[in-house]
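Undergrad: Below are the chains, spelled out letter by letter.
Protein chains: 2
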Amino acid sequence: MSLIVQKYGGTSVGSVERIQAVAEKVARSHRLGDKLVVAVSAMSGETNRLIELAKAIDAQPPLREMDVLVSTGEQVTIALLCMALNKLGVEARSYTGGQVRILTDNAHGKARIQQIDGHRIEADLDAGRVVVVAGFQGSDEDGNITTLGRGGSDTTAVALAAALNADECQIYTDVDGVYTTDPRVVSRAQRLDKITFDEMLEMASQGSKILQIRSVEFAGKYNVPLRVMSSFEEGPGTLISLEDEDEDQMEKAVVSGIAFNRDEAKLTIRGIPDQPGVAYKVLGAISAANIEIDVIVQNVAKDNSATITFTVHRNDLSQAEGLLKQIAQDLGALEIDADDQIAKLSIVGVGMRSHAGVAATMFEALAKENINIQLITTSEIKITVVIEERYLELAVRALHTGFDLDSPSAEQG
Amino acid sequence: MSLIVQKYGGTSVGSVERIQAVAEKVARSHRLGDKLVVAVSAMSGETNRLIELAKAIDAQPPLREMDVLVSTGEQVTIALLCMALNKLGVEARSYTGGQVRILTDNAHGKARIQQIDGHRIEADLDAGRVVVVAGFQGSDEDGNITTLGRGGSDTTAVALAAALNADECQIYTDVDGVYTTDPRVVSRAQRLDKITFDEMLEMASQGSKILQIRSVEFAGKYNVPLRVMSSFEEGPGTLISLEDEDEDQMEKAVVSGIAFNRDEAKLTIRGIPDQPGVAYKVLGAISAANIEIDVIVQNVAKDNSATITFTVHRNDLSQAEGLLKQIAQDLGALEIDADDQIAKLSIVGVGMRSHAGVAATMFEALAKENINIQLITTSEIKITVVIEERYLELAVRALHTGFDLDSPSAEQG
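Protein sequences appear in the order of chains A and B. Residues 35 to 447 (the working numbering) are what the first sequence spells out, left to right. Residues 35 to 447 (the working numbering) are what the second sequence spells out, left to right.
Treat the hints loosely; a few may be bogus.
Treat identical chains as interchangeable: a pair holds within one or across any two.
Claimed, not checked - Taking lysine-lysine and the DSSO-like style, the derived pairs with C-alpha atoms no more than 27 Å apart in a straight line are: (1) 255 x 336; (2) 89 x 121; (3) 359 x 315; (4) 59 x 89; (5) 121 x 144.
These aren't lab readings, by the way, just hints derived from the structure by calculation. Fair warning: this is a prediction, and the values are worked out from it, not measured in the lab.
Make a model of the complete structure from these sequences and hints.
TA: Structural data, given as C-alpha cells:
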C-alpha cells in the first residue's frame, strides 16, 4: 500500500463536471488500495473573481485581508470534491490549510511553509478516508490565514508529501508530462519519462511553466519523487527525482530539454570607466527598485572601460531604462542601449557534466542557421543564450534536432 | 465608551458599494469612540450560489462538507469589509468563527453556540481596532467548521454581545424597526420604540420575519439589549429589552403588535372514540414524520368522542393528511378534514397580563366585520386565532384600529 499525494490545479477543477471527473480518478486510485491525500486549487477564474472584488474597494488592499478573501477559493473546491467523492461511495474529509496546521511564516500573500502536523491526516488515512486539503494556504502561529502566493498549491502538495513521507507526489495538470521542449514550437518534442530535480529547476526557471520553481526546490530538498501527469488523459507522465547514481550516464541523453522565453528585454551600459564596484553600482540601483534581473554579463574592453549587459522582464524595461540613464550619467558611462526584441534559450541536461563539447555543438547548430548569439551564460547543467526574437522557433528546432531530441514517430512540423 | 456589537445581513452587504456604505456607518460609530465588533452575513445571493454548486453534485451532500462550503460566503464579506474600513483609515481585523473560537456542538448545518472566547477580540478592541467576525459559523471541539443554519448571523451577534458583555447589540436590516404590524397591510402601522424580549419572541414565532427566534431567545437569556435598525436610513430603530419594572403599566399599550402568517394549513380529525393518549397517538405520528405542528386544539363532544385540530406548514399538508387518514382508520375515528385556505393572526402584548377583556375586545372587533373564528389559543401575552385566509387583511386592520395602534399621522390605506 502506497501513500500518494495528488494535486489538481484550477483548470482540473474548473467546473462541477471536472470536479466529478477528478473524484472518479481519485476513487480509482483509492480502490487500488493506495492511501490518498489530495491537494486542490481554486476553481479556475475564482481567484481572479475574488481579487476583482477586492480591487473594487482598494487598489492595494491589506495583505492580511487579501489572504482571508482568496483562501475561500480553495475552501470551496475541497468541499465540492469531498461531496463528489462521497457520492461515489468514497469517504472523504476536507481540511483548510489552518485546520491541518500548515504552519507558515506571516508573510501574507507569499508565505512560506514552516511545518505541517500530519497527525490528523494520518488518523483519517488509517480510517480508510481520502483526505482533501486546500492548496495554497496555511496559517501563521497566531492563527491568521496566510497564502503561499499564486501557484502555491504545488508547494502544498510537495510539503504534504514530505511531512507524510509519501511515496510519490503526483501533480495533475493540463499537459501529460514534461517535454524536451514546447510541442507547439517543435512538433517532434518528446515526453520525458524521467528528469532530475536540477534539470527540472533549470527548465522551470528558463520558462517552462509546468511546475512552480518553489515546489521543485522543495521536492528536491526533501527528496519527494514528483510526477507530472495529465488530469484529462491516462499515462505515466514524467517522474522528477534525484539522479540515479547507478544509471549508466552513457545511456542518458546529453541534453534533456530546451527551454525558452520571450518575456525579457536586454539593457546594456557601455564605456563605464573601470573601477571597483561598478557592477554593484549598476545592478544594485536596479534591484533597489524591485526590478528582477535575470542574465548578467560583464566584459572589460581594451581601454579598461566596462560593458555590462543584463535582462529584465519586458514589463520593467522602461523603468529600468530610466534608472540606467541616471546611472550612466553618474558613472560617466558612454552610452546605454535597450532592446525588447530578444528571446532567451537554454539547453538543460545533467549529461553535460560528463560530456565535452556540448557548448560547441550548440553554437554550431545556431551558426548553421545564421543565428547570431548576443549573450552567453553557462552553469553546470545549462547553457543559456540570448538571440534575436524572430529567430527563436528556428533556433529551438535546430537545437532539438542537433541534440537528437526529435521523436522518431512524429512528423516534423 | 460603549462596546457595541453590530450585525449586517446579506442585503446590507449585497454588493461592493453596500459594503462600502456599511464601512462608512461603522467608521462613524468608531470615530464617536465606541468599541465596535461587527458580525456580517454572506453577500446576498452568495449562499444560494454555493448551495447550487453542491446540489449539482449531490442532492443531499454530506453536512460536514456543506458547512465547509457555505461558510466561505461570510469569509468573503469579512475580508471585503475590513478592506473598506482600512480604506477609510479605520484599522480592522477579520476573523472566521473558528478563529475567534466560537465553539459549537457538532450538529452541522444547525449547530448551537456553546462558548465564545472573547480574549482575542478584546485585545484587538483595546488596540483601537474594529473587529469583524463572520456570522453564522463556528467550529466544534475537533476544529471542524460548523454553521448555525440560515439566519444564524443574528445569533452570532447576540452571542458575541453576551460573551463580551456589550452594551448593545444592533441588528441592521432592511426595515427601520419593529412595527405594530406589517406596514404593507396596514399603512397606519407604527414603528415601536421599545418592545420586550417576550413580545418580540411571540411576534417572531407568529410570522414577523425581522429577527430570528433563536437570537431573540439568546438575547433574552443573557439580557443583551437588542436594537433593530435600518442599514439604509438613519433612525433610532426599535429597542428590544427586558421589561422595565418601574414603568407605569397603565401608560403602556395593552397590545404591542399584530403578527400574522399564511404559511399554515389546518387538519381536523373528528369522532375519535375517547381514550387516554388520543392526542399522543394522533400528534405523535405526525411529529415522528418530522412535520412541525403549530396550533393544537382539542375538544370533547357530548358523546365523549374527541376532535383534534392542528396546523402544519402548507408544504407538509399532503403528507400530514396521508398520515392522518391512516391514524383515523387505526383509531376508528369518524372523519378527517384538511383546509389550506386559512391564516393565523395573533395579538401580542405584555400589557395583556394586567388588562381584563382583551380577548373580548379582539373577538368583538372581528365579529363586527363578520369574520368567523375557526380556532383560538391563548398564552399569557398573546391571543391567536385562525380565520379564513381571504379575511386576513380586513382582520388585521380591524384589530390595529380596535387596539388603538393606528398612527395618527399616516393616512389610512
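Undergrad: Next, verify each hint and record whether it holds.
TA: For each hint, the structure was consulted:
no. : hint      : in the structure
1   : 255 x 336 : neither (44 Å within a copy, 90 Å between copies)
2   : 89 x 121  : between (37 Å within a copy, 11 Å between copies)
3   : 359 x 315 : within (13 Å within a copy, 94 Å between copies)
4   : 59 x 89   : between (37 Å within a copy, 21 Å between copies)
5   : 121 x 144 : between (35 Å within a copy, 22 Å between copies)
Of the hints listed earlier, the one the structure fails to meet is number 1.
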